[in-house]
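*Asks:* Keeping their order, the protein sequence lines are chains A and B. All residue numbers for the first sequence refer to the numbering used here, where the first residue is 1 and numbers rise by one. All residue numbers for the second sequence refer to the numbering used here, where the first residue is 1 and numbers rise by one.
Note that these hints are calculated values from the structure, not bench results. Careful: at least some of the hints might be erroneous.
To give a feel for the contact side, a few chain A residues facing chain B, derived at Cβ under 10 Å [said to hold, decoys possible]:
| id | residue |
| --- | --- |
| 1 | E7 |
| 2 | R16 |
| 3 | A117 |
| 4 | L121 |
A few chain A positions that, by computed beta-carbon distances, are all more than 12 Å from chain B [claimed, not checked]:
| id | residue |
| --- | --- |
| 5 | R37 |
| 6 | G98 |
| 7 | A132 |
| 8 | T180 |
| 9 | A207 |
All of these numbers come straight from a predicted model, not from anything done at the bench. Ideal Cβ positions, reconstructed from N, Cα and C, are used throughout, including at glycine.
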Amino acid sequence: MTAGSREHAALDRLARAARDDAPAAERDAELDSMAERAVAIAAGPRPRSARARAAAVAVAVLATAAAGVAFTVLRDGDQGPNGVATSERPSRIELPGGDVLLSTSGTELVVQDEDGARVLLLEEGSVLCDVAPLRDGRAFEVVTPELRAVVRGTVFTVTAEAGRARVQVFEGRVEVLTPTRRVHLGAGDSFDSAEGGEAVGWDSPLASEGRWAAQRRAVHDRPRPEDTATAVAAERGSDDALVEQEPAPPPEAQPRAPTRPVEPAPSLAEARAWLLAGRHEDVARAARRAARTRTADRGEWLLLEGDALRALGDRARAADAYERAASATSPSRATQAGYLAAALRFEQGEHDAALGALDASRADRSGSPVEERAMLLRARVLIALGRREEATRVARAYLAAFPGGGSREWMQSLAGPVTEREEP
Amino acid sequence: MTTSRLAEPSAGAGKPMHGSELADLVKELAPTVRRCIHHHLGRHEALDDAVQDALIELARALPRYRAESSLPTYARRIALRAAYRHLRREKRRRAELYIVPPQVDGRDPESVLAQRESLRRLYRCLDRLPEKRRRAFVLCCIEELPHAEAAGVEDVSVETLRGRLKHARAELERRLRHDPILGPLFEGRLS
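All chains, full assembly: derive it from the sequences and hints.
*Replies:* This is how it looks when you write it as structure tokens:
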């Protein structure tokens with residue numbers, strides 16, 4: 001076989017594997033419900049493009065500017081009796097000045113511009129505010145019946161529902177005013193008007209978008225030095241690492257510094273942005289330092305350290321970091337951290353340690369976010385330890401809990417024939 | 001009506017479509033859409049979002065269907081548009097860490113993971129191809145569409161499609177030859 005035909009055959013084999021990897025073209029309930037949802041959404045009004053919405057906003061602002069107050073209807077929806085806009089769909093809008101708003105479906109919101117101050121009146125629902133840095137004299141506020149959130153260039157969400165409002169901050173600082181309190185929130189902080197303090201264990205419906213907006217800001221506001229970008233690109237063998245980088249200045253205009261500039265300690269959002277940008281060593285170093293000095297968000301930093309070490313291939317230390325994170329973060333995060341530690345221990349051949357991490361984190365308990373994966377991992381660990389009988393019990397528990405699970409056949413082969421008495 | 005539309009492209013084209021008929025048709029085409037997007041994106045975290053977007057676009061577009069191509073080709077075009085829109089958006093996020101889902105399908109987990117890793121590397125190489133070449137490769141080699149049909153999906157001549165495919169294969173083989181895991185397969189050192 002010639003080299004050319006051998007390569008052709010190898011590529012065809014890979015392509016066949018990719019074809020076989022896709023789900024069979026059969027209908028299933030999930031796909032049917034997606035199709036029904038699609039038809040229902042398609043039957044509604046077509047969303048306007050971002051440009052069209054921005055134009056509508058500009059027209060609305062100009063039309064009412066003469067009165068000194070601008071009410072901006074966010075998007076097409078039902079116009080309520082008090083000038084409140086509602087929408088059945090999640091929406092995104094860019095306001096004049098660079099502020100970006102994301103709202104969940106059913107949000108009732110009015111944007112009011114008055115004398116350089118932008119005020120969002122939020123009746124119900126959840127809105128993410130990616131607020132452009134404000135010039136002197138400008139202000140940005142979100143007002144709900146329960147509280148007022150005053151900001152100066154930040155990313156945060158406000159959620160209002162039946163007599164309660166909650167604020168979550170992803171970047172920058174927000175001042176929250178209630179009839180009885182004034183609270184300053186920083187990145188990672190939250191506030192619940194019903195509790196009168198931190199919204200413990202609560203994540204905004206727009207939290208992932210908020211984190212992403214904060215990370216994007218961190219990348220844009222603080223571009224990496226040119227030499228670091230080049231190093232990352234070379235290391236990954238990809239042109240992608242240079243995407244979004246500003247063009248490098250000519251060498252004579254800005255000679256390369258002989259040493260790497262010392263950067264201040266990053267925020268959590270910045271460190272996460274570094275991780276996405278491939279700066280794993282920087283993240284591991286910053287996270288290790290922060291986990292020693294910051295008690296409030298120590299668990300989050302340890303998780304980041306674990307992610308960075310795992311990306312660097314240092315699995316043993318990554319597992320250590322995850323195990324420490326499991327004892328220093330929220331219960332759901334702790335479960336995931338424990339599972340990751342166990343998976344890494346198992347990969348290292350440390351089966352007893354893997355089992356210990358699974359036991360400690362209870363990752364395979366009913367209702368755990370990683371229950372199915374953790375059950376599979378436990379079964380594999382038990383087999384590796386020669387405890388086949390226990391593995392069989394895990395397999396039967398898996399089949400009872402996940403009768404349509406992805407590992408069903410493997411678990412069935414492990415569980416063996418099920419007797420009538422054992423059937424659920 | 002639904003079945004006849006799928007079997008005979010011109011059946012019912014241009015006629016008003018009732019809600020239940022539209023729903024049935026979208027359901028009929030949904031597996032094709034999902035499979036097509038899966039082939040083009042691989043096991044991508046945006047897969048479900050892309051499928052949902054494609055189905056919405058399909059539901060909006062079907063009442064305007066004029067039978068100038070077969071319904072599966074029509075649906076495939078819409079699916080590709082949604083898939084590559086998501087891909088372009090996701091590329092900006094760069095590499096993300098994830099846990100490999102344990103779908104072992106009766107095989108031992110290690111071999112499943114090894115295959116996943118091979119496919120992950122294939123799709124990483126596909127990510128570096130120009131989009132037109134990537135689409136040509138996936139349509140012809142992974143989806144195994146005849147060249148004429150793939151050219152119809154892309155709305156180009158068969159010669160243009162073949163040119164893109166040839167360049168795509170050459171570039172993929174060159175990249176995969178240097179891959180530390182898949183390289184030996186291309187050098188004949190692994191079966």
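*Asks:* Are the hints correct? Go through all of them and say.
*Replies:* Hint by hint, here is what the structure shows:
1. With its C-beta approaching chain B no nearer than about 4 Å, E7 of chain A sits inside the 10 Å limit, and its interface hint holds.
2. Using the Cβ-Cβ criterion of 10 Å, the hint placing R16 of chain A at the interface with chain B is satisfied: the shortest such distance is roughly 8 Å.
3. Below 10 Å, beta-carbon pairs count as interface contacts, and A117 of chain A has none with chain B, the closest being about 33 Å; its hint is therefore violated.
4. Hint status for L121 of chain A: violated, given a least beta-carbon distance of 31 Å to chain B, over 10 Å.
5. Not every beta carbon of chain B lies more than 12 Å from that of R37 of chain A, the smallest distance being close to 7 Å; the non-interface claim is violated.
6. For G98 of chain A, the requirement that its beta carbon stay farther than 12 Å from each beta carbon of chain B is met, with the minimum near 19 Å.
7. Every Cβ of chain B is farther than 12 Å from the Cβ of A132 of chain A; the closest lies at roughly 20 Å, confirming the non-interface assignment.
8. No beta-carbon of chain B comes within 12 Å of the beta-carbon of T180 of chain A; the shortest separation is about 42 Å.
9. Every C-beta of chain B lies more than 12 Å from that of A207 of chain A, the closest at about 17 Å, which supports listing it as non-interface.
In summary, the numbered hints that this structure violates are 3, 4 and 5.
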